[in-house]
Amino acid sequence: MNGYKKIVVPYDGSTHAQLALDHAASLAKVTGGTLIILYVASLTSAMTRISGFFGSYDAGAVAEQVQQKGEVVLHKAKASVPVEIETDEIFEVGSPGAVIISVADRIGAELIVMGSRGLGTFAGVALGSVSTYVLEHAKIPVIVVK
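Counting from 1, one number per residue, gives the positions in the sequence shown under full-length UniProt numbering.
If you're looking for bench data, these hints aren't it; they were derived computationally from the structure.
Just so you know, these numbers come straight off a predicted model, no measurement behind them.
Just so you know, not all the hints are guaranteed correct.
[Unchecked claim] Below, in silico cross-link-like pairs of lysine-lysine (DSBU-like), each with a Cα-Cα straight-line distance of 35 Å or less:
{"#": "1", "residue 1": "K69", "residue 2": "K146"}
{"#": "2", "residue 1": "K6", "residue 2": "K69"}
{"#": "3", "residue 1": "K5", "residue 2": "K29"}
{"#": "4", "residue 1": "K69", "residue 2": "K29"}
Construct all of the structure, not just a fragment, from the sequences and the given hints.
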């Protein structure tokens, strides 16, 4: 099991994402791999939610809120990983499933470990449908953690 040197872990702060991160950390400890903790924000859904509540929105303010949320979530994730495991954090904006596949391809990841469900579209990235998308489109192994 020495092939998993770059492990992508999509993380939205949900219980399932944390379970996936814990599992990935266990794998990284055995393989000596690096965890790539990925937070994907969907600006479109954030703007739609805000405009639905208020009728209009300030795109700059929405982008700033999304960025701040991503930083908080990534900090929480990194803090939960044992210090002896190397981590990198990536913040991306876009369609979660497509971004996960794109990042994994771009960095040459050997494995994706993700939760079976996320926080949903209101609170963050919806990993339930995203996990299905990733399973169908990934070119590398995917572990879905429940």
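Tell me the hint numbers this structure goes against, listed in increasing order.
none
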